[in-house]
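Asker: Sequences and hints are given; from them, build the entire structure.
There are 4 protein chains.
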Amino acid sequence: MPHERLRLLLLLLLRVTLAKRAVAEAIGTALLLAAVVGSGIMAERLSGGNVAIALLANTLATGGVLAAIILTFQGISGAHFNPAVTLAVAFRGEFAWREVPAYIVGQLVGALVGVGLANAMFAKPLFFASHHARHGFPVLLSEFVATFGLLAVIWGCVRSRKEAIPYAVAAYIMGAYWFTASTSFANPAVTIARSLSDTFAGIAPSDVVGFIAMELLGALAATVLFKWLLR
Amino acid sequence: MPHERLRLLLLLLLRVTLAKRAVAEAIGTALLLAAVVGSGIMAERLSGGNVAIALLANTLATGGVLAAIILTFQGISGAHFNPAVTLAVAFRGEFAWREVPAYIVGQLVGALVGVGLANAMFAKPLFFASHHARHGFPVLLSEFVATFGLLAVIWGCVRSRKEAIPYAVAAYIMGAYWFTASTSFANPAVTIARSLSDTFAGIAPSDVVGFIAMELLGALAATVLFKWLLR
Amino acid sequence: MPHERLRLLLLLLLRVTLAKRAVAEAIGTALLLAAVVGSGIMAERLSGGNVAIALLANTLATGGVLAAIILTFQGISGAHFNPAVTLAVAFRGEFAWREVPAYIVGQLVGALVGVGLANAMFAKPLFFASHHARHGFPVLLSEFVATFGLLAVIWGCVRSRKEAIPYAVAAYIMGAYWFTASTSFANPAVTIARSLSDTFAGIAPSDVVGFIAMELLGALAATVLFKWLLR
Amino acid sequence: MPHERLRLLLLLLLRVTLAKRAVAEAIGTALLLAAVVGSGIMAERLSGGNVAIALLANTLATGGVLAAIILTFQGISGAHFNPAVTLAVAFRGEFAWREVPAYIVGQLVGALVGVGLANAMFAKPLFFASHHARHGFPVLLSEFVATFGLLAVIWGCVRSRKEAIPYAVAAYIMGAYWFTASTSFANPAVTIARSLSDTFAGIAPSDVVGFIAMELLGALAATVLFKWLLR
Chain A
1075 MPHERLRLLL LLLLRVTLAK RAVAEAIGTA LLLAAVVGSG IMAERLSGGN
1125 VAIALLANTL ATGGVLAAII LTFQGISGAH FNPAVTLAVA FRGEFAWREV
1175 PAYIVGQLVG ALVGVGLANA MFAKPLFFAS HHARHGFPVL LSEFVATFGL
1225 LAVIWGCVRS RKEAIPYAVA AYIMGAYWFT ASTSFANPAV TIARSLSDTF
1275 AGIAPSDVVG FIAMELLGAL AATVLFKWLL R
Chain B
1075 MPHERLRLLL LLLLRVTLAK RAVAEAIGTA LLLAAVVGSG IMAERLSGGN
1125 VAIALLANTL ATGGVLAAII LTFQGISGAH FNPAVTLAVA FRGEFAWREV
1175 PAYIVGQLVG ALVGVGLANA MFAKPLFFAS HHARHGFPVL LSEFVATFGL
1225 LAVIWGCVRS RKEAIPYAVA AYIMGAYWFT ASTSFANPAV TIARSLSDTF
1275 AGIAPSDVVG FIAMELLGAL AATVLFKWLL R
Chain C
1075 MPHERLRLLL LLLLRVTLAK RAVAEAIGTA LLLAAVVGSG IMAERLSGGN
1125 VAIALLANTL ATGGVLAAII LTFQGISGAH FNPAVTLAVA FRGEFAWREV
1175 PAYIVGQLVG ALVGVGLANA MFAKPLFFAS HHARHGFPVL LSEFVATFGL
1225 LAVIWGCVRS RKEAIPYAVA AYIMGAYWFT ASTSFANPAV TIARSLSDTF
1275 AGIAPSDVVG FIAMELLGAL AATVLFKWLL R
Chain D
1075 MPHERLRLLL LLLLRVTLAK RAVAEAIGTA LLLAAVVGSG IMAERLSGGN
1125 VAIALLANTL ATGGVLAAII LTFQGISGAH FNPAVTLAVA FRGEFAWREV
1175 PAYIVGQLVG ALVGVGLANA MFAKPLFFAS HHARHGFPVL LSEFVATFGL
1225 LAVIWGCVRS RKEAIPYAVA AYIMGAYWFT ASTSFANPAV TIARSLSDTF
1275 AGIAPSDVVG FIAMELLGAL AATVLFKWLL R
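Protein chains in written order, with our numbering: chain A, 1075 to 1305; chain B, 1075 to 1305; chain C, 1075 to 1305; chain D, 1075 to 1305.
By construction, these hints were calculated from the structure, which means they are not laboratory data. Any given hint could turn out to be false.
[To be verified] List time: in silico EDC-like cross-link candidates among lysine to aspartate or glutamate, alpha-carbon distance up to 16 Å:
hint, chain 1, residue 1, chain 2, residue 2
1, A, Lys1236, D, Glu1168
2, B, Lys1236, A, Glu1237
3, C, Lys1236, B, Glu1237
[To be verified] Listing some non-contacts, in silico: residues in chain B with all C-beta distances to chain A over 10 Å:
hint, residue
4, Arg1119
5, Gly1167
6, His1209
[Said to hold, decoys possible] One side only, chain B facing chain C, incomplete, derived with CB under 10 Å:
hint, residue
7, Lys1094
8, Ala1098
9, Gly1122
10, Leu1134
11, Val1139
12, Ile1143
13, Ala1192
14, Ala1197
15, Pro1199
16, Ala1244
Think of the CB as a built atom: it goes at the ideal place given N, C-alpha and C, for glycine as much as any other residue.
Answerer: Set out below in structure tokens:
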């Protein structure tokens, strides 16, 4: 049955044009960012100053929406929602390089729309720069580890249990919110978009480049390691 | 196997008369409302004034019961529990219009029974109007986004991974409780019924119409978009 | 595949003698009670007086262990762990009446062992009567609703998606802990055993009979209703 | 399909050399320890002194990462991450004794790397001995029960529903964090590594031997019992 489902997914993918798949990436990434930023605002507003309770709520909301949107879009666009994932899959030759720009543009546009929606749903300015400082060696190491782990989970599951990826990725990210000092952004599009909301989930624009560099390094390390491991 | 299971579900559906399916919708919706309203009362009672803790409990209870009742009734009635879903499925031609009234009546009756049960289990009046004001642009936008996302999840999953819908919908709603300013009612029957309990999960009767309008618009938008996306 | 798995389960069941299956029921019920009572003690000890936080932890622990033990024992004994379930299944003719006593004895012995283990793990007396009063109409109605819902979930899933029962039951009970005023015992063996620990999850011995009566009534109502619904 | 998947897993295993599988055990165990220790530090830092909230976060993070890494590595190394599991599987004749040392070395090295990473991500010394006393009869009994339950779950699931093991083990451990007085280490490699971080999840080095002894006894008891139960 996994074979049959894979074949069905493949047929579906071939029938869905690149434009539609890029739109799917945009919708999914918009819902992801709305969830991350919106639940951060709600959590901070309600938690009476206990940051652990706020982060628990933020974790639950992110995990729930992540599982739901990967289940929703895996059969349409592959449900990357993450330039690091798109680049890693292309790097391994399992995704056409010529389709990478459309995917990344879709992810970035979707991420911005999602943050704007979250801000609007909570009566904030559509976009306003974050002042949340996130830098220093521990935080940068955290982003490396977080994205290494994310790609490890994806590469480990993609061959033998592709249908479990929605649950595996959501479960991993829920854990990674807590075991990394950076709360595990692990996604360049998410990192850029989160700089545009000065709320719980924000990141100061000046810290964005360092995060993205470590995310790409972490993704590369896991991709190279699993290429050897699964050869 | 998805084909075989779909066929089995179809055969089962054909053998279950409309009356039984409407009763199934009523029971499921009653359990859903009992969960939403009852856990809200319990959560507010125990949480010592920390609204984030109360909403976490309300989220967990809603998500748990939602997954359980969709698993329970998906093979009997399709497990809509939501007029917006019934209308959207009929709009797409995958549900007979002549069966829509029975489903919606079942959902409404069930929702009222569920709220009455929750109120009775916590020694409240069977029905008493809520004073919880929920209006304004951010909240209305929230209901649009919440229901758009719910239908997106349903349309995305229904073709290639119908068996994952119980988990996808529950996970999505758990997230949406936190990332929307309205705590994501996303269901006209739920909205009406929640106006009849002046407790944590209530909504003032005067705000009901606005909620339902945005829910139907959100459902329509997602349905049209996914019709194009999956064509 | 569901057919093949059902056949495998059946073959397995036939090869496992009644004695072994009763022991399996005892081990599973012991782990369930250890989880319910033990996590209640730990939760109350750590939560600094916030009952909602304590019940959240109790809910998570119960749900986790419930899913795990049903997955573990479903292929061995059917994973009832509950006299109301055993009686309901026998009532519907899907379980031999002559095997009912062994199952219920196994469940009762296991429940007592589990409570004793929980008490011992937290340095309490092995058994000591609870003073936690749980009576009155709202609480009794709650036990009826809780057990009705539990059996509804079981009957709804058992035909078309038996493999999802572990998740459905755990998710339902996690919700029911919050949406019923009784925190949803929904199990006569659990009810009896919980009277023997004067801790968070306890119930005064004098309230046990009322609980069990409502649990059996709720189970009967759901069983009769679903017999009609699924005919 | 379970048969087909089992066969695929077997073929995969045969093609993956022992060295690669030991590396897989190391990576997985490193992620597990990073999750346990790192989320403990984060949780204690944010929870404002409420230990129940801290343990809830620690539980969620451990469960999420555990599910994710078993899904990731089950098809590569079997995803033991635990010397007690490796020994139990070898004891039952389902794993070659000559491969046990490589697995345990991989698990120990990975566990140390994971603790070092967690400490580094939170700007602590790479390794520093814990002062968290964990001894006495209740705590030792707890480790016996915790590991008994873990192996029961594994043996119960491994034959009829191997693909559910990631969810069953994660759900069980999330429960066991709360229903045992020791917070359920249930893993000798984890126990040793956690002695090297003087933070929330630590254990004093002098208490390590007692824990490991009870873990091995618990694993042995469950393995012998299930050998009889499943014969």
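Asker: Next step is simple, just say for each hint if it's right about the structure.
Answerer: The hints, checked one at a time:
no., hint, result
1, A:Lys1236 <-> D:Glu1168, "violated (26 Å)"
2, B:Lys1236 <-> A:Glu1237, "holds (12 Å)"
3, C:Lys1236 <-> B:Glu1237, "holds (12 Å)"
4, Arg1119, "holds (17 Å)"
5, Gly1167, "holds (20 Å)"
6, His1209, "holds (12 Å)"
7, Lys1094, "holds (6 Å)"
8, Ala1098, "holds (6 Å)"
9, Gly1122, "holds (5 Å)"
10, Leu1134, "holds (6 Å)"
11, Val1139, "holds (4 Å)"
12, Ile1143, "holds (8 Å)"
13, Ala1192, "holds (7 Å)"
14, Ala1197, "holds (5 Å)"
15, Pro1199, "violated (12 Å)"
16, Ala1244, "holds (7 Å)"
Checked against the numbered hints given earlier, the structure breaks hints 1 and 15 and satisfies all the rest.
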